[in-house]
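Number of protein chains: 2
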Amino acid sequence: MTPKNILYAQSGGPTPVINATACGVIQAAKSAGFLGVYAALNGIYGVLHENLVDVLKESETNIEYLKHTPGAAFGSCRYKLPSLEEDTAPYERILQVMKAHDIGYFFYNGGGDSHDTIHKISTYCQHNNYPLTCIGLPKTIDNDLAITDNSPGFGSVAKYIATTTQEISLDLASMALTSTKVFILEVMGRHAGWIAASSALGKNTPTHAPHILLLPEVAFLAAVKESVDSVGYCFICASEGIRHDDGRLVSETGDTDAFGHHQLGGLAPKLAHLIKEKLDYKYHWAVSDYCQRAASHAASLTDVTQAYALGETAVKQALSGLNDVMLTIQRTSSNPYAWTIGTASLGDVANREICIPNDMIKPNGFEVTDACLDYLRPFIQGEVSLPYKNGLPVYARLNCKPISKKLSPYDGRQ
Amino acid sequence: MTPKNILYAQSGGPTPVINATACGVIQAAKSAGFLGVYAALNGIYGVLHENLVDVLKESETNIEYLKHTPGAAFGSCRYKLPSLEEDTAPYERILQVMKAHDIGYFFYNGGGDSHDTIHKISTYCQHNNYPLTCIGLPKTIDNDLAITDNSPGFGSVAKYIATTTQEISLDLASMALTSTKVFILEVMGRHAGWIAASSALGKNTPTHAPHILLLPEVAFLAAVKESVDSVGYCFICASEGIRHDDGRLVSETGDTDAFGHHQLGGLAPKLAHLIKEKLDYKYHWAVSDYCQRAASHAASLTDVTQAYALGETAVKQALSGLNDVMLTIQRTSSNPYAWTIGTASLGDVANREICIPNDMIKPNGFEVTDACLDYLRPFIQGEVSLPYKNGLPVYARLNCKPISKKLSPYDGRQ
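Chains as they are written, first to last, in our numbering: chain A, 165 to 578; chain B, 165 to 578.
Note that these hints are calculated values from the structure, not bench results. Just so you know, even glycine gets a beta-carbon here, dropped at the ideal spot from N, CA and C. Fair warning: there could be bad hints in the mix.
[To be verified] Not everything, but these chain B residues come out facing chain A in the computed CB check (under 10 Å):
| hint | residue |
| --- | --- |
| 1 | 178 |
| 2 | 234 |
| 3 | 236 |
| 4 | 344 |
| 5 | 456 |
| 6 | 464 |
| 7 | 546 |
| 8 | 550 |
| 9 | 556 |
[Claimed, not checked] When the alpha-carbon atoms are kept at most 27 Å apart in a straight line, the in silico DSSO-like pairs for lysine-lysine are as follows:
| hint | chain 1 | residue 1 | chain 2 | residue 2 |
| --- | --- | --- | --- | --- |
| 10 | B | 434 | A | 434 |
| 11 | B | 434 | A | 446 |
| 12 | B | 446 | A | 434 |
| 13 | A | 526 | B | 553 |
| 14 | A | 263 | A | 221 |
| 15 | A | 194 | A | 221 |
[Claimed, not checked] Chain B stretches covered by chain A per the calculated footprint, using a threshold of three residues with CB under 8 Å from any CB of chain A:
| hint | segment |
| --- | --- |
| 16 | 239 to 249 |
| 17 | 325 to 338 |
| 18 | 439 to 450 |
| 19 | 537 to 545 |
One chain only, chain A, in its complex shape (with noise of 0.2 Å):
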């Protein structure tokens, strides 16, 4: 077997587990037999400039680390490709750089935006009759792609996130009678409220934290005086993406990028401020940001597992003449969990956004309901065993051995 050779990219804000993915696509290629199992260095930039490295000169143990390393591995990027009908040319320099290095299968491993960059590559290259086999890899923390059950890299966050509301809860618990009253922990996941909602995955009492979750914006300030009269003090976890009445984002910085997504970030402080003018409490709050997607020492066992099964198994496929999909997590049982992989066209996933749904919000706007924890709770179970050195986690540090360029330099344009 001579199958052409393969391209793996990374796209989009890391997870935990992204580089999982690429270990399952890595280990799958070599198991196969290819020849040429190559990664672009920042994702479609990387393409465009021919930044091409080769894989199969990583040692296996770098390969492996790859499960527990967090970041992207291969650098990642936001970089937004003009619609085919705007300008050709960035595809024409795609084609170009697939067909100098006899790329046959092409994985791009990222969220909502990425899918719909590799549906336009495939698209492209099916018009220009090169066979291109495209196959998208989800990754997201926010949990917000459309027909996947869950996202890789949203069960890890989750289980950092619940794992430090319970931890943060009994601090705050400690502190309350004579100090804190309020802390505010502020997550990511942007429009969609998913890692707010696994705050909640450790609260067993109602007087457990969390005691709020801001998902929408909603008068919050009597909510939460009633918590501190009533079990002492209040644990809120706010999602960056609560909104004004007039649809602004209430931690909106005015900063955009490629993609015109607005930078968000900040909404703690500006909580913890209304507390103090309007009730006068003792508050904390932190800002989780990377910290959350970067916690691969904390990493939910199952994430990891699925993230290795997407790239594997987005190899075996491939070579079955699967093509232009991306893969998701089918949901074949709640209870016991168990799960497979199924597909989704890549047009119907791009850029869709899955919100938290109404009926998995109750009434008072704070709280998830049993059905949101049921749903969540198998992504966090089981937890990884990292090697350590010196009393910190040990990494892949990849050698990223550059591909020779075959092409004449990007000029933007060509």
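Knowing the structure of chain A, use the given hints to seat chain B on it.
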């Protein structure tokens, strides 16, 4: 043997291992055959209000689980006693509570302020010929206590911050080409930079994170630009205690606690806005706040071991006649690291803050020396293994069975 009873209490901000010290005291007290082993709820506040609980009524599993339970399991407090010259009434009340419950040994687990408190109590009881053995047990994540080589709690926070720094830096490196170039991690530590310094424990080459430690406030924007120019990105670990030239804390909120300490926090967004305004780099920031000091899931085994040993030793030494001291960690060897437990007189420890000495900070002001890292490294060695259920750690959930009160309610005056 019919010793008098033991009273244990916790004070100040919790650490990931303050309950390991409680576990040491309790298990040693049970071994020694004490018939009354009590804990005061919420530190000295609980002593004044006679809120005592019977520790011997807790299950052995619950006591053992204290080793990995965050928060202060018996409640903590920020509560300042007046000086003996100002008002002896609270001390008279404390003496009455000690007498009423036949307390012969008082173990107070706290930071600098707490050792001031226990020193005053010890002095008052001695003047009134009540034989109360008073032993202070150090705990603070800030590592700023005098005489002891380190304080339990610090090692685990150092491990958490060093791990988080490595994790986030891999995330940041992934994104820097087309997105975030600067990351700011705000850490605790008050006026001492030890926690910020520990961010550098995983820095193996000059290009590794952290690129800038903000210990004192210095003009740092040029250093940010230099890092982005040379490495591609910049990871800043900023201590909450940095100051303006005029001595004001940059992160001061205007609020103070019972000891007159300023509430700190919120430095990271201020620095981020400055970087955006002056250098126009895309940034992200996190404020770790209680996340770091409650992170028992990521605790240092060395830290847990020392915290437990302090509690255990306190009971043994008290029975041997030791009194009016704080137990310390004494380093007997650096390579290999070896330690033993020593003592310091309470008066020498109270109200002193040990900051990073100037000769452990490099001339540029943004890095610590190898000598500083050599001092810090032993504290983060070893990992803990926690019981998990349903994907989350299982903590001690104490019953806290109240001891019947024998005195009239505390009215704040007698």
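Hints and how they fare:
1. 178: Interface hint status for residue 178 of chain B: holds (5 Å vs cutoff 10 Å).
2. 234: holds, 4 Å
3. 236: Residue 236 of chain B check passes; min Cβ-Cβ to chain A is 4 Å, inside 10 Å.
4. 344: holds, 8 Å
5. 456: holds, 9 Å
6. 464: holds, 7 Å
7. 546: At 7 Å from the nearest chain A Cβ, residue 546 of chain B passes the 10 Å test, so the hint holds.
8. 550: OK, holds: residue 550 of chain B within 10 Å of chain A, min 8 Å.
9. 556: holds, 5 Å
10. B:434 - A:434: Between residue 434 of chain B and residue 434 of chain A the Cα gap is close to 13 Å, so the pair holds against 27 Å.
11. B:434 - A:446: Holds, at roughly 21 Å.
12. B:446 - A:434: This hinted pair holds, its Cα atoms lying about 21 Å apart.
13. A:526 - B:553: Measuring from Cα to Cα gives roughly 26 Å; hence the hint holds.
14. A:263 - A:221: holds, 22 Å
15. A:194 - A:221: holds, 11 Å
16. 239 to 249: Since three or more residues must qualify, the claim that chain A covers the segment 239 to 249 of chain B holds, with 5 doing so at under 8 Å.
17. 325 to 338: It holds: at least three residues are needed, and the segment 325 to 338 of chain B offers 12 whose Cβ sits within less than 8 Å of chain A.
18. 439 to 450: Holds: 5 residues of the segment 439 to 450 of chain B have a Cβ under 8 Å from chain A.
19. 537 to 545: holds (count 3)
When each numbered hint is compared with the structure, no violation occurs for any of them.
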